[in-house]
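There are 2 protein chains.
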Amino acid sequence: MSSPSNPRDGLAARLVAGDRGALARLISWAENADPRFGEEMRALHGRIGRAWRVGVTGPPGAGKSTLVNELARFERAAGKTVGILAVDPSSPYSGGALLGDRIRMEERTSDPGVFIRSMASRGSHGGLARAAVDACDALDAFGFDEILLETVGVGQAEYEIVSAADTVLVVLCPGAGDGIQAMKAGILEVADVLVVNKADLPGSDRLVLDLEEAAHVRETNQKRGDDGWHVPVIATVAGKGENLDEVARWIGKHRAWLEQGRLARARAEKRLAHVRAVIDERLDEALWGNRAAGGLTERARGLLAEGRPPYDVVASLLQSILAGRGLPQASENR
Amino acid sequence: MSSPSNPRDGLAARLVAGDRGALARLISWAENADPRFGEEMRALHGRIGRAWRVGVTGPPGAGKSTLVNELARFERAAGKTVGILAVDPSSPYSGGALLGDRIRMEERTSDPGVFIRSMASRGSHGGLARAAVDACDALDAFGFDEILLETVGVGQAEYEIVSAADTVLVVLCPGAGDGIQAMKAGILEVADVLVVNKADLPGSDRLVLDLEEAAHVRETNQKRGDDGWHVPVIATVAGKGENLDEVARWIGKHRAWLEQGRLARARAEKRLAHVRAVIDERLDEALWGNRAAGGLTERARGLLAEGRPPYDVVASLLQSILAGRGLPQASENR
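Protein chains in written order, with our numbering: chain A, 1 to 334; chain B, 335 to 668.
Accuracy of the hints is not assured; some may be wrong.
Derived DMTMM-like pairs (lysine to aspartate or glutamate); straight-line CA-CA distance at most 25 Å [to be verified]:
no. : chain 1 : residue 1 : chain 2 : residue 2
1   : A       : K270      : B       : D618
2   : B       : K604      : A       : D245
3   : A       : K253      : A       : D140
4   : A       : K80       : A       : D145
5   : A       : K270      : B       : E615
6   : A       : K80       : A       : E246
7   : A       : K270      : B       : E632
8   : B       : K587      : B       : D479
9   : A       : K253      : A       : D210
10  : B       : K604      : A       : D312
11  : A       : K270      : B       : D614
12  : B       : K604      : A       : D210
13  : A       : K270      : B       : E619
14  : B       : K604      : A       : E306
15  : A       : K270      : A       : D140
16  : A       : K270      : B       : E640
17  : A       : K80       : A       : E242
18  : B       : K587      : B       : D544
19  : B       : K604      : A       : E285
20  : B       : K604      : A       : E246
21  : A       : K270      : B       : E580
22  : A       : K270      : A       : D34
23  : B       : K604      : B       : E593
24  : B       : K604      : A       : E281
25  : B       : K587      : B       : E547
26  : A       : K270      : A       : E189
Because the hints were derived from the structure by calculation, they are not lab data.
Construct all of the structure, not just a fragment, from the sequences and the given hints.
Okay, here's the thing in structure tokens:
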């Protein structure tokens, strides 16, 4: 949009040439919703879709970061390259502090087959899930074989983030209390593979059995079983590297199962959700942002200041938006 | 919109007459983004703004629910009526299970001066923060003196929810581990009053001192101090009812301070954010929902299926939306 550079010398070309600085820059553009991101991605479009995207979520303390590190080490030993993206939607509170270890790792990694990046949301309208997909696309275009998309907690935002992955691991551990028991009811919704980490702690056998039963009940209820994928429950001790091969094997099995037929459609639906998120985010910015034409913010403020009921203000503004009178002219790059 | 009932016999009139069933129904409409909600609220507009809205957030296990219950008991003893709204944005995982206690309480409350309601998000595009404001408006219109808006965890979604309150309590407790230490950096952003609950546990004195120092550093850095409000740190043992009077007193002090000048503007900004959220939610529904005219979903799907790069699809659709060609005609009730 405002870029003075020639696209031929742009980040896309540098990224294809293996320039990690260009990759980092492109991810920053994704994070900041910079319009140049989409321009560069046009040139990279043919390179998207080769990486396998693995989402990793679960409650704090379950050992997700350790598991991701060990999984990356395992995949590296098998000759694969790995991109790691750690995302923290709780950052309006934490200031991204929960990502501290990841940020330090980013600086330390010397293996050219690994790229680590963390992302935190900066505002309430963060578009973090959208940015995470964009960052995965950039890692994919760069050529990583596998992308590990890790969240730092559990919640609506994390759910949206990992939903974009091809295979979702949900990581739990024994003894983390009632929050986890409570989560079990809904957790199979997103999990393709369940991992009980810290399986050397008391209570892990019970947790494995409980989860297996919950998975079975769910399949019996026909809510999931009809698609033919049975969610496995795998016990690991990631800190000691135990059973990571089993996790990797099940990721591979899930991939093979998807590739037998469902993958194209699943990815198309995820891509559609991504496009919808980008459009909604840009529409919000076009309507309400600092540079928004039409002065919607001022009009809303004025109507509210007159004492109009909020839903009357909504109706009035929405009508003018939908009639095309509240919108700025479309610029050619948006 | 599709309501056949005469608005004169509607929920608004019943709510004004003190009908708790009408209040419950109105909150359900808010939860479901039912267009009838806005119609009823028009008649109630003059009754909004009298209740004091207190947001309560903090990590799981800090004792928020107990604190809210005891605070409600304290306010009741002082002759105030209290509405409690417990909100769970993690519910795509938990199925609302974290709200279990609250749901059971809803059924048990016999005090007509207390109303308890829980809300959980049902999908990824939940609009839960928007619905929480609507529910607070309904409780406000009903006539409750104080509204306690409680979240079950900490994260971006919770941040958005409590930001709508007049006074925000952040509840921590000693010994809850590194997550909380990490949160301290950012937690003063939203807190008007900091509560160290379970203050009979080891480490509470240290936590109080740490938080006081963090609050002081923040004020010294002029990021907050220039507005004249000093965030207090209060030690409580909510389970034993200890020091709840102190929490109530500080809520009152914060209220008095806001009422000296900043309240009108603060509420106007919060109302503006609410109107923006409603408009964005309805616009998303108008563009992408099941009954959306213009077939945006099908057009996006088609363009993607042709192999067009996602950001080209975004640009193409956004241009037609902004030019007013991708939108349905505004109906009179939206």
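To see whether the hints hold, each was checked on the structure:
About 17 Å separates the Cα atoms of K270(A) and D618(B), which keeps this hinted pair within 25 Å; it holds. Using a Cα cut-off of 25 Å, the hinted pair K604(B) and D245(A) is violated, with the two alpha carbons roughly 51 Å apart. Proximity of K253(A) to D140(A) is assessed by CA-CA distance (about 21 Å); at most 25 Å being required, the pair is judged to hold. For the hint pairing K80(A) with D145(A), the CA-to-CA distance comes to about 6 Å; that is within 25 Å, so the pair holds.
A C-alpha spacing of about 20 Å is found between K270(A) and E615(B), which places the hinted pair at or below 25 Å, so the restraint holds. At roughly 16 Å between alpha-carbon atoms, K80(A) and E246(A) fall within 25 Å of each other, so this suggested pair holds. With a C-alpha separation of about 14 Å, the suggested pairing of K270(A) with E632(B) holds against the 25 Å cut-off. A threshold of 25 Å between alpha carbons decides the hint, and for K587(B) with D479(B) the separation of about 16 Å falls inside it, so the pair holds.
Of the pairs offered as hints, the one joining K253(A) and D210(A) holds, with about 23 Å between alpha carbons and a cut-off of 25 Å not exceeded. Of the pairs offered as hints, the one joining K604(B) and D312(A) holds, with about 16 Å between alpha carbons and a cut-off of 25 Å not exceeded. Of the supplied pair hints, the one linking K270(A) and D614(B) holds, its CA atoms being roughly 21 Å apart against a limit of 25 Å. As the CA atoms of K604(B) and D210(A) are separated by approximately 44 Å, the hinted pair breaks the 25 Å bound.
Distance check on the hinted pair: K270(A) and E619(B) sit about 18 Å apart at the alpha-carbon level, within 25 Å; holds. Note on K604(B) and E306(A): the hinted pairing holds, with a Cα-Cα distance of about 16 Å set against a maximum of 25 Å. Annotation: proposed proximity of K270(A) to D140(A) holds, straight-line Cα distance about 15 Å (limit 25 Å). With a C-alpha separation of about 16 Å, the suggested pair K270(A) and E640(B) falls inside the 25 Å cut-off, and the hint holds.
Taking the CA atoms of K80(A) and E242(A), the gap is near 20 Å; set against the 25 Å cutoff, the hint holds. At roughly 23 Å between alpha-carbon atoms, K587(B) and D544(B) fall within 25 Å of each other, so this suggested pair holds. For the hint linking K604(B) to E285(A), the alpha-carbon distance of about 18 Å falls within 25 Å, and the restraint holds. Under the criterion of a C-alpha separation no larger than 25 Å, the hint pairing K604(B) with E246(A) is inconsistent with the structure, at around 50 Å.
For a cut-off of 25 Å, the pair hint linking K270(A) to E580(B) is broken: about 50 Å separates their Cα positions. With a C-alpha separation of about 22 Å, the suggested pair K270(A) and D34(A) falls inside the 25 Å cut-off, and the hint holds. Among the hinted pairs, K604(B) with E593(B) is consistent with the structure: their alpha-carbon atoms are about 16 Å apart, no more than 25 Å. Using a Cα cut-off of 25 Å, the hinted pair K604(B) and E281(A) holds, with the two alpha carbons roughly 20 Å apart.
Among the hinted pairs, K587(B) with E547(B) is consistent with the structure: their alpha-carbon atoms are about 21 Å apart, no more than 25 Å. A hinted pair counts as satisfied when its Cα atoms are at most 25 Å apart, and K270(A) with E189(A) qualifies at roughly 16 Å.
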